[in-house]
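If you're matching positions, the sequence shown starts at 1 in the numbering used here and goes up one per residue.
Quick caveat, the hints were computed from the structure, so don't treat them as lab data. Worth double-checking, as some hints may not be accurate.
[Claimed, not checked] Derived DSSO-like pairs: lysine-lysine, alpha-carbon spacing no greater than 27 Å straight-line:
#	residue 1	residue 2
1	LYS113	LYS66
2	LYS4	LYS113
3	LYS113	LYS17
4	LYS17	LYS4
5	LYS113	LYS99
6	LYS117	LYS17
7	LYS4	LYS66
8	LYS66	LYS17
9	LYS117	LYS99
10	LYS117	LYS4
11	LYS66	LYS117
This one's a predicted model, so the numbers in the text were calculated from it and none came from an experiment.
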Amino acid sequence: DDFKQINDRFGHPTGDKVLMEIALEISNTIRQYDSAYRYGGEELAVVLPESDLEDALLVAERIRLKIAERDFRAEDGTAVRVTTSLGVASFRPEHGEMKELIADADAALYFAKQNGKNQAAFLVDGRYRTLRPGADGRTAAEAAPARAARRAGKKPANRPKVKGKKASTTDRGEKT
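Use the sequences and the hints to build the structure in full.
What follows is the structure, given as structure tokens:
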């Protein structure tokens, strides 16, 4: 969130360094067969094969917490705190192509940013929702995904596979 402020205050070398360290945090958080990509500017995308929406929300919350808890360092040694908003999407039968899945994740990202930042947002039954800690004291990573699925009146989605489509990269880094 507000990554431009890091570049403006500390300079682009620090911004680039922080972005690389964030990418490393993400790589260390995801499974070996998951993938992280630079999507454009300061946006990164993570692809989690064989994962349903609940799994993706858990990973998103782990990433968000790891980044929020870490002190990054500017070139001069100053601590730089970073928060992150995440858009989460899960493959649905109506997604004809990967670019539609990415469009859903991108829209969820902007919903998260417009509704307070430093959170993950996702689409359920045509409505965007965000992860928030539960009143029962459980963390958002523990409580919110299952609660969101229950509110939607569904059990978590199955783990669909995309068959017969090869991935390629466009000029924005989108997977298609």
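Structure-based check of all given hints:
For the given pair, LYS113 sits about 18 Å from LYS66 by alpha-carbon distance, which is consistent with the 27 Å threshold. With a CA separation close to 14 Å, the supplied pair LYS4 and LYS113 stays within the 27 Å bound. Proposed proximity of LYS113 and LYS17 is supported: the alpha carbons are some 23 Å apart, at most 27 Å. Restraint check for LYS17 and LYS4: the C-alpha separation of about 14 Å stays at or below 27 Å, so the hint holds.
Of the supplied pair hints, the one linking LYS113 and LYS99 holds, its CA atoms being roughly 21 Å apart against a limit of 27 Å. Between LYS117 and LYS17 the alpha-carbon distance is near 22 Å, which keeps this suggested pair within the 27 Å criterion. A C-alpha spacing of about 20 Å is found between LYS4 and LYS66, which places the hinted pair at or below 27 Å, so the restraint holds. For a cut-off of 27 Å, the pair hint linking LYS66 to LYS17 stands: about 17 Å separates their Cα positions.
This hinted pair checks out: LYS117 and LYS99 have alpha carbons roughly 24 Å apart, not beyond 27 Å. Simply put, LYS117 and LYS4 have alpha-carbon atoms about 15 Å apart, close enough for the 27 Å limit, and the pair holds. At roughly 15 Å between alpha-carbon atoms, LYS66 and LYS117 fall within 27 Å of each other, so this suggested pair holds.
No hint from the list above goes unmet by this structure.
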